[in-house]
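Residue numbers (our numbering), protein chains in the order written: chain G, 4 to 145; chain D, 4 to 145; chain L, 4 to 145.
Bear in mind the hints are in silico, worked out from the structure with no lab data behind them.
If you're wondering where the values come from, they're calculated on a predicted model, not measured in any experiment.
Heads up, the beta-carbon is just placed ideally off N, CA and C, and yes, glycines get one too.
Accuracy of the hints is not assured; some may be wrong.
Per label pair, the in silico range of CB-to-CB distance [unchecked claim]:
#, chain 1, residue 1, chain 2, residue 2, range
1, L, Gly-39, G, Arg-36, 29 to 37 angstroms
2, D, Glu-88, L, Leu-145, 43 to 51 angstroms
3, G, Glu-88, D, Asp-103, 29 to 37 angstroms
4, L, Arg-102, G, Glu-10, 49 to 57 angstroms
5, L, Arg-102, D, Asp-7, 44 to 52 angstroms
6, G, Asp-63, D, Met-4, 49 to 57 angstroms
7, D, Glu-131, G, Gly-89, 44 to 52 angstroms
8, D, Glu-88, G, Gly-89, 44 to 52 angstroms
9, L, Gln-128, G, Glu-127, 40 to 48 angstroms
10, L, Asp-60, G, Met-4, 25 to 33 angstroms
11, G, Gln-52, D, Gln-64, 29 to 37 angstroms
12, D, Asp-139, G, Glu-131, 44 to 52 angstroms
13, L, Gln-52, G, Gly-89, 48 to 56 angstroms
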Amino acid sequence: MDMDYREVDGTREFVARLAHGEDWRGQIEDFARAEGIKAAFFVGLGAVQNAELWYYDQDDQEYDPMEFDEPLEIASCVGNVSLLEGEPFAHTHAVLSRRDGSTVAGHLDSATVFAGELYVRAFEQSLERVHDEPTDLDLWPL
Amino acid sequence: MDMDYREVDGTREFVARLAHGEDWRGQIEDFARAEGIKAAFFVGLGAVQNAELWYYDQDDQEYDPMEFDEPLEIASCVGNVSLLEGEPFAHTHAVLSRRDGSTVAGHLDSATVFAGELYVRAFEQSLERVHDEPTDLDLWPL
Amino acid sequence: MDMDYREVDGTREFVARLAHGEDWRGQIEDFARAEGIKAAFFVGLGAVQNAELWYYDQDDQEYDPMEFDEPLEIASCVGNVSLLEGEPFAHTHAVLSRRDGSTVAGHLDSATVFAGELYVRAFEQSLERVHDEPTDLDLWPL
């Protein structure tokens with residue numbers, strides 16, 4: 004089986020400085036709502052004061068949360084914006100690192116920003132997540 | 004010595020949902036072949052059921068494979084498409100993570116997709132890999 | 004508080020092959036200077052012969068360096084170019100990996116390139132870093 008894909012038209016692009024003390028993912032969603040963005044990809048870097056990561060159990064088909072109550076660099080952040088039940092959802096994965104360089108990574112649910120920088124490429128199209136049977140995740144029907 | 008670079012013209016861009024149960028890298032190459040893409044960069048995120056990563060031994064100048072037969076998140080995926088012996092090759096690096104957030108990373112040779120999302124930016128130009136003496140790798144003469 | 008952001012106009016885009024034996028970050032800054040780039044985001048992948056990473060101590064507000072004198076893959080590199088005291092500065096985060104897949108990550112200050120591939124998206128605007136009180140970092144007033 005081949006992958007599903009759709010050609011998109013890049014419309015607007017943005018650089019952002021995330022607000023200190025606020026949630027990493029929530030800010031991206033607030034921004035998307037304010038700008039009417041219904042499809043985008045983004046990359047970013049920075050640092051956070053703490054983070055909650057999720058791991059998806061592929062057998063139980065449930066997210067398993069992990070909390071890291073410590074300052075961490077955001078060594079990499081890759082994600083996208085699409086609609087989930089009509090609202091912008093920022094699907095966000097990140098790799099975080101400590102003073103000794105050691106890392107933790109996963110699906111970033113929330114994190115308190117220390118400092119953060121983002122590039123967002125928004126598309127003309129709207130992408131909507133719908134329930135996918137084999138994975139029990141909300142994915143794009145492209 | 005300065006880095007070699009070439010200005011490129013972005014032509015088309017795509018969002019994709021990788022097919023469950025199929026190979027991560029192979030799907031990107033099949034897509035590139037189907038769309039006639041000879042140069043692109045991509046970023047992605049998702050989860051896989053297993054992965055084979057390669058590490059390049061800079062002294063022996065050979066790839067050293069590692070197999071991870073376990074479910075892993077794709078916390079980050081950065082790569083590009085160019086031509087290798089006339090066929091699209093997806094040079095793919097990834098950071099993968101486990102239930103406890105611990106990570107493994109490297110050159111992603113293959114991985115069975117659980118779910119995956121990709122942004123691809125294709126260029127008008129064609130990039131071709133040719134053998135590079137000092138590294139014994141196939142690189143771009145720009 | 005919401006995040007600060009600015010819509011930017013993508014002007015030019017580049018693919019690059021980093022020079023073997025030279026500094027990863029320095030080459031990006033030399034390139035930006037040569038091309039007159041005052042704002043850009045980039046992603047990349049490759050391998051290095053060694054690396055110096057920095058971790059920002061959020062309490063002491065000082066960078067804490069770590070040296071890794073070993074060959075490492077660049078599993079992920081995300082960064083941007085903007086002006087710091089009038090000169091192009093490449094803010095660069097990276098995730099690096101070893102033969103067994105184990106990783107280190109952080110703010111990449113310097114690294115000797117073995118091989119590297121980069122995509123750079125340059126913007127028409129100029130971004131300048133200025134001192135930020137709460138973090139003691141140089142950030143963008145957007």
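Would you say the C-beta atoms of Asp-60(L) and Met-4(G) sit inside 25 to 33 angstroms of each other?
violated, 49 angstroms
Does the Cβ distance between Asp-139(D) and Glu-131(G) fall inside 44 to 52 angstroms?
holds, 47 angstroms
Please check whether Gln-52(L) and Gly-89(G) have a Cβ separation lying inside 48 to 56 angstroms.
holds, 50 angstroms
At the C-beta level, are Glu-88(D) and Gly-89(G) separated by a distance inside 44 to 52 angstroms?
holds, 48 angstroms
Distance restraint hint 40 to 48 angstroms, applied to the beta-carbon atoms of Gln-128(L) and Glu-127(G)
For Gln-128(L) and Glu-127(G) the Cβ distance comes to about 22 angstroms; the hint is violated.
Mind checking the hinted window 29 to 37 angstroms against the Cβ distance between Gln-52(G) and Gln-64(D)?
violated, 43 angstroms
With respect to the beta-carbon atoms only, verify the hint that Arg-102(L) and Glu-10(G) lie 49 to 57 angstroms apart.
violated, 39 angstroms
Is the gap between the beta carbons of Asp-63(G) and Met-4(D) within 49 to 57 angstroms?
holds, 53 angstroms
Status of the given 43 to 51 angstroms range, CB of Leu-145(L) versus CB of Glu-88(D):
Given a distance of about 46 angstroms, which is inside 43 to 51 angstroms, the answer is holds.
Okay, Glu-88(G) versus Asp-103(D) on CB: inside 29 to 37 angstroms?
With Cβ atoms ~30 angstroms apart, the hint holds.
Is the hinted range of 29 to 37 angstroms satisfied by the C-beta distance from Gly-39(L) to Arg-36(G)?
holds, 36 angstroms
Lying within 44 to 52 angstroms: is that true of the beta-carbon distance Glu-131(D) to Gly-89(G)?
Since the Cβ atoms of Glu-131(D) and Gly-89(G) sit about 45 angstroms apart, the hinted range of 44 to 52 angstroms holds.
This entry does not satisfy hints 4, 5, 9, 10 and 11, going by the numbered hints stated previously.
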